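All chains should be modelled from the sequences, with the hints used to inform the complete structure.
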Amino acid sequence: MVADGIDDEEKWLAEGIAGVQHNAFYMHRALDGNNLREALKYSAQMLSELRTSKLSPHKYYELYMRVFDELRRVEIFFKDEARHGVSVVDLYELVQHAGNILPRLYLLCTVGSVYIRTKEAPAKDILKDLVEMSRGVQHPIRGLFLRNYLCQVTRDKLPDLGSEYEGNGDTVMDAVDFVLQNFTEMNKLWVRMQHQGPVRIKEKRGKERNELRDLVGKNLHILGQIEGVDLEMYRDVVLPRVLEQVVNSKDDLAQHYLMDCIIQVFPDEYHLQTLDILLAACSQLQPTVDIKTVLSQLMGRLSNYAASSTEVLPEFLQVEAFSKLSNAIGKVIETQVDMPAVGAITLYTSLLTFTLRIHPDRLDYVDQVLGACIKKLSSKPKLEDSKATKQVVALLSAPLEKYNDAVTALKLSNYTRVMDYLDNETKKVMAMVIIENILKNNTCISTAEEVETLFELIKGLIMEIDGTDVGELDDEDFKEEQNSVARLIHMLYNDDPDEMFKIICTVREHIMSGGLNRLPFTIPPLVFSALKLVRRVQGQDGEVVGEEVPATPKKIFQFVNQTIEPLSSVQSPDVALRLYLQSAEAANDCDLEPVAYEFFTQAFILYEEEIADSKAQFTAIHLIIGTLQRMTVFGVENRDTLTHKATGYSAKLLKKPDQCRAVYACSHLFWVDDQDGIKDGERVLLCLKRSIRIANAAQQMASVTRGSSGPVTLFVEILNKYVYFFEKGNPQITSSVIQGLVELIKTMQSDTTTPEPATNAFFASTIRYIQFQKQKGGAMGEKYDPIKV
Amino acid sequence: MNYLLGAFKPASHISIVFTDEKNRKKVPIKKENGQTVMVPLFQSLENIVGKPVQGKKIEHNGIKVELLGQIEMYFDRENFYDFTSTSLDEELDVPGELYEKKLNPFEFSTVEMPYETYNGVNVRLRYVLKVTISRGYAGSIIEYQDFVVRNYSPPPSINNSIKMEVGIEDCMHIEFEYNKSKYHLKDVIIGKIYFLLVRIKIKNMDLEIRRRESTGSGANTHVETETLAKFELMDGAPVRGESIPIRLFLSPYELTPTHRNINNKFSVKYYLNLVLVDEEDRRYFKQQEIIMYRLAEDSS
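If you read the sequences in order, they're chains L and F. Every number in the working numbering is 12 more than the matching position in the first sequence, counting from 1. Every number in the working numbering is 315 more than the matching position in the second sequence, counting from 1.
Take every hint as true, because none was put in to throw you off.
In silico DSS-like links for lysine-lysine, alpha-carbon gap of 27 Å or less:
(1) L/LYS219 <-> F/LYS516
(2) L/LYS131 <-> F/LYS501
(3) L/LYS414 <-> L/LYS471
(4) F/LYS501 <-> L/LYS53
(5) L/LYS66 <-> F/LYS518
(6) F/LYS545 <-> L/LYS53
(7) L/LYS140 <-> F/LYS507
Covered stretches of chain F, going by a simulated chain L footprint (3 or more residues, C-beta under 8 Å):
(8) 544-554
(9) 558-564
FYI, nobody ran anything at the bench for these hints, they're computed from the structure. Nothing here was measured: the structure is a model prediction, and the numbers come from that model. Backbone N, C-alpha and C define an ideal beta-carbon position, used for all residues, glycine too.
Here it is in structure tokens:
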């Protein structure tokens, strides 16, 4: 059916074109023969092809263009009085004898344009006559094209300022009147199309109308191009009349298109000066009109205008552009109750962009916009629409992008409140936007209040949100997010330790509610931040002393302690343990023995109670040993307790090799290679001997269970320890002990059935080292001399 | 016909030459045989002066020139109604021989010719000069010379516009206005149609000029209506509140003045007929008489 319709149309168009060509042929002959009568006859017949009702606008346009081209020739003929011998006045009458209105009016317009050119009559009279007479065509498509023709043939003959047709009583006003009237009539025809014909093809009609809209809009373009339309005329005549049309048409397609047209064709400064009028009209449009795009367009243009030159900015202030726009938007949103939230938010986003461009200094405006947005949002249930939430993100991102400084945004009291209307997902997205902005710009957040606000904003990332099953979250994304938060924590900085401490406290308050999944990410940066502060405070200890100072190292350590604590309860004891050890080291640097001891205690408790995995234990014990070894703050007693504890735990590891390694590591606890370090050679030897025992046991176990001797590696490792302490001058470690161990290893190597290339190489290089030391001579060479390898 | 008649009667070739033939305006008229000839134009109370011309010497018993005004009904061919007075007859010559040079001129001075020449569907009003050369044995030689009479009227002192509101209840309501009720033949009808209510899907609107010629009287009245002009005023369907301009130049159409009851024989009236056609090709119309008059050429 549809295909048939299209085919038919093609056929009709072809027939129409054929008719035009046929008559044009005879018309050309008449024109060449300067035969006016015939020329009129055939041109009228040719024009009669335009009387068809069968073509869609698109096809009709094709036909029209052909006729249009032919009419150019007729016009040239008309211009040349010598050829047809009739004065233009008579010609003007003559063409009106045609019985059919459409050909008559096309010819009349053609002669009319020639008539104006001759200046034998005032242009305004002719224009007025043409535009009046054109009323005779009430058929929308034919009428629109006729008037479009009128538009085309007269547009270069309007009595515009500076045009040759101006003067002698013809003023710009006449030109404007003419175009306005033509516009009015065309608009009426265009709007009427929608209501004529059967209902079932309504949609099709809408489409057809859309194809025709530029014909109507062309009038506005012409108006926009009339030089003589100054601001005053635009404000007092042009705009009110155009808007009257727009509003009265009560047609959403027309209203939307025409408002858009107005905004596009007239200069920005005019818009600025007539904001009141324009905006008042906006609120009178049909509720179905997509007003938000219109207003967004307007604000977009004004924003660009403002950006184009700083000189125009005072104009904006002068006309109070912001408050007008803001009011208008408020009104529109109020009146159009059904407007979806996304629409309202889009509007606010545009307004915000506008404000940011024009009043970058007026944060209160920004806040006001956000406030208005909240008002709108509060009347609705939580946003469900993904488009709407996207818009909110855009809305909130705009100030960030503008100022490139999250701190500014933090000053907006409504900023946070807008965030509240977002769903959790979007809140997170927004939080990420904020964080990324901060990170990108290296924005330093330097007061506790700012931090407070900021963390309020990024709550979505920090807080455990009810109803969200963590399992559902994408693990990678989650990590990404939390890493960002961690990075953010590092961005918080203030030179003043007190303020810094406040900041840290604030942060903790917020992150503590993060739940077990977030704490492992958020606590470490906080602790490190605190420890950094400690070092700073300690550095300037001499200067800042006083009871009222809050940020004393002690207090900070207390704080750190409290901060780490929750970690152990959220199944991240390993992280907690590391943090305790870090803190202990910091305390060590601050010379706070009890504090350091406390941290170690905590670490050991954690080790005992929470770290169950043997591998983790092994790592933990190594960490403990390493840290402990570096501690200088402890008195003998405390140190003894702790080293004893550490050695004890080392020996109690589950796997023998682990035990062995932990124990020989413990040996370092008794031998600190410092000037005033502990050097308890006996206990070192004890440790090492013990580790050899364990290594033996390990080997025996291996041969029992697997039928082959176990690895020799452990022995080689212990040998290395021996060599180390031997070199360091531990009197208990003698060359004969080393000699014995080397022999032992060699025996074991020959016993073993499975080759261990790595171990062999290790051993070989150890031996090489001993030989090297021997050959090097000197004190060390002598020392090594007794060892025979 | 003339030519043929002349062939049979070669001796009787007479024509009439008007004294002011060269300066007098001539207008075309259609003769019965369909030929268009140019004939002199007179108006009432003019002097009609001329002389018969003939080529050959003939004997005669007297020459008579008559000025006749005739009304001729086409359905009643036999009867001419001469409405001009025979007293206008004039003896040009006493019986004797007629030579070319000797012909005497004739003059009808200030002839009252109140009616205009008219060529209608059923009726014709014409003026002729009839030359009769009486010959005893050969019968009279009679020759006719047509001429046209047009009478001019001054512009009417009262010429109201025609304004009217018409409609079909709840369907359509229009108001139309023609700027005058009396138009001269080269006039322009200016007006507008205002649509007060439109519930009918109108396709287009025409303005027609109709001529109503009625002949005879009483039971024998014949009425003939012709549409002389069909002028499209509007294309497409208007909506309420729309006003459509009218501008119709009358000059292209062959109109005559309105004739009222000419010699109790016929009348010619003119009407403007406003016709609206809807999409189902139903016609709605309103007819309105207008008076046509002839305005002197120089003042029009």
